[in-house]
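Model the full structure from these sequences, guided by the hints.
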Amino acid sequence: MSICMYIFQLGGKGANLAEMASIGLSVPSGFTISTEACQEYQMNGKSLLPDGLWEEILEGLESVEKEMGASLGDPSKPLLLSVRSGAAMSMPGMMDTVLNLGLNDDVVAALAVKSGERFAYDSYRRFLDMFGDVVMAIRHSSFEEKLEHLKNVRGVKHDTELTASDLKALVGQYKNVYLETKGENFPSDPKKQLQLAVKAVFDSWDSPRAIKYRCINHITGLKGTAVNIQCMVFGNMGNTSGTGVLFTRNPSTGEKKLYGEFLANAQGEDVVAGIRTPENLDAMKSYMPEAYKELVENCEILEGHYKDMMDIEFTVQESKLWMLQCRTGKRTGACAVKIAVDMVNEGLVDTGTAIKMVEPQHLDQLLHPQFDDSSAYKDKVIAKGLPASPGAAVGQVVFSADDAEAWHAQGKIVILVRTETSPEDVGGMHAAAGILTARGGMTSHAAVVARGWGKCCIAGCAGIRVNDSDKVVVIGDKVIGEGEWISLNGSTGEVIMGKQPLSPPALSGDLETFMSWADKLRQLKVMANADTPEDALTARNNGAEGIGLCRTEHMRKEALDVLLPFQRSDFEGIFRAMDGLPVTIRLLDPPLHEFLPEGDLQDIVSELTKETGVTEDEVYSRIENLSEVNPMLGFRGCRISLRNFSFVLLSTLSSLILACWQELQHQASIIHSVAKTVFTEMGSSMSYSIGTMIEVPRAALIADEIAKEAEFFSFGTNDLTQMTFGYSRDDVGKFLPMYLAKGILQRDPFEVLDQKGVGQLVKIATEKGRGARPSLKVGICGEHGGEPSSIAFFAEVGLDYISCSPFRVPVARLAAAQVAAG
Numbered sequence: 049m050s051i052c053m054y055i056f057q058l059g060g061k062g063a064n065l066a067e068m069a070s071i072g073l074s075v076p077s078g079f080t081i082s083t084e085a086c087q088e089y090q091m092n093g094k095s096l097l098p099d100g101l102w103e104e105i106l107e108g109l110e111s112v113e114k115e116m117g118a119s120l121g122d123p124s125k126p127l128l129l130s131v132r133s134g135a136a137m138s139m140p141g142m143m144d145t146v147l148n149l150g151l152n153d154d155v156v157a158a159l160a161v162k163s164g165e166r167f168a169y170d171s172y173r174r175f176l177d178m179f180g181d182v183v184m185a186i187r188h189s190s191f192e193e194k195l196e197h198l199k200n201v202r203g204v205k206h207d208t209e210l211t212a213s214d215l216k217a218l219v220g221q222y223k224n225v226y227l228e229t230k231g232e233n234f235p236s237d238p239k240k241q242l243q244l245a246v247k248a249v250f251d252s253w254d255s256p257r258a259i260k261y262r263c264i265n266h267i268t269g270l271k272g273t274a275v276n277i278q279c280m281v282f283g284n285m286g287n288t289s290g291t292g293v294l295f296t297r298n299p300s301t302g303e304k305k306l307y308g309e310f311l312a313n314a315q316g317e318d319v320v321a322g323i324r325t326p327e328n329l330d331a332m333k334s335y336m337p338e339a340y341k342e343l344v345e346n347c348e349i350l351e352g353h354y355k356d357m358m359d360i361e362f363t364v365q366e367s368k369l370w371m372l373q374c375r376t377g378k379r380t381g382a383c384a385v386k387i388a389v390d391m392v393n394e395g396l397v398d399t400g401t402a403i404k405m406v407e408p409q410h411l412d413q414l415l416h417p418q419f420d421d422s423s424a425y426k427d428k429v430i431a432k433g434l435p436a437s438p439g440a441a442v443g444q445v446v447f448s449a450d451d452a453e454a455w456h457a458q459g460k461i462v463i464l465v466r467t468e469t470s471p472e473d474v475g476g477m478h479a480a481a482g483i484l485t486a487r488g489g490m491t492s493h494a495a496v497v498a499r500g501w502g503k504c505c506i507a508g509c510a511g512i513r514v515n516d517s518d519k520v521v522v523i524g525d526k527v528i529g530e531g532e533w534i535s536l537n538g539s540t541g542e543v544i545m546g547k548q549p550l551s552p553p554a555l556s557g558d559l560e561t562f563m564s565w566a567d568k569l570r571q572l573k574v575m576a577n578a579d580t581p582e583d584a585l586t587a588r589n590n591g592a593e594g595i596g597l598c599r600t601e602h603m604r605k606e607a608l609d610v611l612l613p614f615q616r617s618d619f620e621g622i623f624r625a626m627d628g629l630p631v632t633i634r635l636l637d638p639p640l641h642e643f644l645p646e647g648d649l650q651d652i653v654s655e656l657t658k659e660t661g662v663t664e665d666e667v668y669s670r671i672e673n674l675s676e677v678n679p680m681l682g683f684r685g686c687r688i689s690l691r692n693f694s695f696v697l698l699s700t701l702s703s704l705i706l707a708c709w710q711e712l713q714h715q716a717s718i719i720h721s722v723a724k725t726v727f728t729e730m731g732s733s734m735s736y737s738i739g740t741m742i743e744v745p746r747a748a749l750i751a752d753e754i755a756k757e758a759e760f761f762s763f764g765t766n767d768l769t770q771m772t773f774g775y776s777r778d779d780v781g782k783f784l785p786m787y788l789a790k791g792i793l794q795r796d797p798f799e800v801l802d803q804k805g806v807g808q809l810v811k812i813a814t815e816k817g818r819g820a821r822p823s824l825k826v827g828i829c830g831e832h833g834g835e836p837s838s839i840a841f842f843a844e845v846g847l848d849y850i851s852c853s854p855f856r857v858p859v860a861r862l863a864a865a866q867v868a869a870g
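Heads up: the sequence shown begins at 49 in our numbering, then just goes up one per residue.
Wrong hints could be hidden among the right ones.
Unchecked claim - Capping the alpha-carbon separation at 16 Å, the derived lysine to aspartate or glutamate pairs in EDC-like fashion look like this:
| no. | residue 1 | residue 2 |
| --- | --- | --- |
| 1 | K216 | D154 |
| 2 | K223 | D237 |
| 3 | K428 | D525 |
| 4 | K194 | D181 |
| 5 | K460 | D516 |
| 6 | K304 | E351 |
| 7 | K547 | D752 |
| 8 | K355 | E345 |
| 9 | K304 | D558 |
| 10 | K125 | D153 |
| 11 | K239 | D122 |
| 12 | K790 | E351 |
| 13 | K816 | D752 |
| 14 | K194 | D237 |
| 15 | K247 | E88 |
| 16 | K305 | D330 |
| 17 | K355 | D390 |
| 18 | K305 | E351 |
| 19 | K125 | E113 |
| 20 | K260 | E472 |
| 21 | K162 | D122 |
| 22 | K247 | E338 |
| 23 | K547 | D558 |
| 24 | K271 | D254 |
| 25 | K368 | E345 |
| 26 | K368 | D390 |
| 27 | K247 | D181 |
| 28 | K825 | E593 |
| 29 | K305 | D420 |
| 30 | K239 | E113 |
| 31 | K305 | E345 |
| 32 | K260 | D450 |
| 33 | K519 | D420 |
| 34 | K240 | D122 |
| 35 | K825 | D848 |
| 36 | K94 | D251 |
| 37 | K547 | D420 |
As the list claims (entries may be wrong) - Estimated spans, in silico, between C-beta atoms of each pair:
| no. | residue 1 | residue 2 | range |
| --- | --- | --- | --- |
| 38 | T561 | A789 | 41 to 49 Å |
| 39 | V527 | G108 | 49 to 57 Å |
| 40 | D450 | K658 | 50 to 58 Å |
No lab work stands behind these hints: they were computed from the structure.
We treat Cβ as the ideally placed atom computed from N, Cα and C, and that holds for glycine.
Take a look at the structure:
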């Protein structure tokens, strides 16, 4: 069975644990419940485990007990378990985990004799907290309040400063929380604990945060989460123990150096949840050099095996290293490109493999703005935290995920400021331009999620105090309220007062090398949609091979009698910018309502009457003739020229958006006539070709007839989508979000091509058109030209080129190369 099939059955975590064990690394004994079991559980209504599953779990448990020489619930030889989620695609922090499972009053007493009271009761209080939160739906804060109160009473700052007797007392308080909130005792039977924990992990697949994360990241088609059950290893057994998280290379810059954090005398949740601010990984080298040396060796083994940068969780128990998890590490765009180039240079991968290591959205990150001049704002820096995810962000401060989403929906740019983020904040984190947290390290929830999205993030900013109730953040002697502007430099960790100017980055260095590989590999040409000389120059600098769509009606909206000189000037600039490359011009396609004046109708009519000398009735009649019920359909493109010849002369002809062959024939005759006149007047000529937009379903279906006259097709997939679905783009915002939320549509069809419907029209038209004219050039100039999955479809159908916005050109170049790489 391929590793890909293993991942879909065992989840990424389960498959990688099996893989690490198979190559000889130290992995705690355990077994994995498949994603198929989760799917069956969901289908059964989430009340009972699937038939036979519990018996299989007990068989797996028996094997672990035999290997470990310990038993779940046996005080004389206690076995404690971790129960972890793990989907086929990484969803950091979105689903649930239970650690230290198997503890009760009898087992903890025996464990105290064997391993020390402090360790035993520290593990017990952790288990009571986590089990209550994850399995019993008791708020984590109910336990946290007890802990913080006890620390205040004892006058200590850190959990590790509490004594064994303190922790014993805390355990009693935690057990009372169960009675107070649930009206029942904590379930002390370890096997009952295990059964409930497995169901809770299955349930977390459909938690609101997990659903939202999958929606944001367009994760579909998975069966559910696997459940990984392993014997516990303990990082909280004193100063010879600890836990950590690392990346085999720097996930922000790509530097080839271990990058991570370590906490002595701690469990893994302390690091990933940001509960304690950890030390740099180098600290481990001095605490436990032998374990550190083995860890370095394991990292080299894993990079060589997976041929990628890896994200690793590990625990050291009394100087013994255990590998708890590995997965391909999430990274920034700059990091992704550097690692891909470095690994080719190191001989680890070939260029085709390297092309597939960089995601199209990684390039999108590199095209985001950066600060103009970081030295210019030095006197405005008010705090500094950990540079968790690089880039620049400028926005208005908000203090909750809900507010971030609401403000973003209103078109505002926001910075989400939190003491620490949790998985429940995922929607607000995605809506925010940047994230600032007071607590947490470089591998905290906020940092990992932000880096995966290429979103600017500063974590562990100890110099700030967040007051959620008053909606203010105190930074030094400054109090910043909701709605005030701040700027974040995620590359340096600097928090800056006010709005700082941004500028776009340039394509250079490793990115130039990487894109040269992509261009050698891809077969689709990548062109740009550009209407001005400035856009044309940007497109060319980003690697466009010409202009696939130049909209004449977007150049100017002045009165028709003065438009021609402006168009000539714009075209001159565009042709200079694209010297030597093709330019495809879509001729005038004006929605008539855009030419109507705005304002009070009576005032407009009165003014026009005075200026023109015509009667008010005549003005009203003309306005009525120009008004449209649906501006995107009907009296558009070449149809205008059939009624009003001045539009034709203005731009040579109107846009060739047609539904029948005769419309194209009529327009082509006008083009040839005007071209002949111009060439005669100028005393010189040039070659040109006439093609058509395919934006009407009927045109796609009779493409063989149209191709007899057209020398190229350009699919306007925006309007083709509109006319195929019967959705008006002017009204789609009223219902499309609801369709997506309810699962009626999986993706916005104006963002991602509908391959089953609109895509089939593209395929039919291409095949029919080339059947009639084998030399027919075919491309696409809708917004789908910059979307990776749509580009893959266009390549499969056999289009010659794609055309997209100037800033999406590098993304399209990479996506086209990845299609060719297979």
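Taking the hints in turn, this is what the structure says about them:
no. : hint                     : in the structure
1   : K216 to D154             : 13 Å, holds
2   : K223 to D237             : 14 Å, holds
3   : K428 to D525             : 13 Å, holds
4   : K194 to D181             : 14 Å, holds
5   : K460 to D516             : 20 Å, violated
6   : K304 to E351             : 11 Å, holds
7   : K547 to D752             : 56 Å, violated
8   : K355 to E345             : 15 Å, holds
9   : K304 to D558             : 15 Å, holds
10  : K125 to D153             : 14 Å, holds
11  : K239 to D122             : 11 Å, holds
12  : K790 to E351             : 41 Å, violated
13  : K816 to D752             : 5 Å, holds
14  : K194 to D237             : 25 Å, violated
15  : K247 to E88              : 12 Å, holds
16  : K305 to D330             : 11 Å, holds
17  : K355 to D390             : 12 Å, holds
18  : K305 to E351             : 12 Å, holds
19  : K125 to E113             : 10 Å, holds
20  : K260 to E472             : 9 Å, holds
21  : K162 to D122             : 13 Å, holds
22  : K247 to E338             : 39 Å, violated
23  : K547 to D558             : 31 Å, violated
24  : K271 to D254             : 11 Å, holds
25  : K368 to E345             : 14 Å, holds
26  : K368 to D390             : 32 Å, violated
27  : K247 to D181             : 14 Å, holds
28  : K825 to E593             : 15 Å, holds
29  : K305 to D420             : 29 Å, violated
30  : K239 to E113             : 13 Å, holds
31  : K305 to E345             : 13 Å, holds
32  : K260 to D450             : 13 Å, holds
33  : K519 to D420             : 30 Å, violated
34  : K240 to D122             : 14 Å, holds
35  : K825 to D848             : 6 Å, holds
36  : K94 to D251              : 7 Å, holds
37  : K547 to D420             : 12 Å, holds
38  : T561 to A789: 41 to 49 Å : 42 Å, holds
39  : V527 to G108: 49 to 57 Å : 56 Å, holds
40  : D450 to K658: 50 to 58 Å : 53 Å, holds
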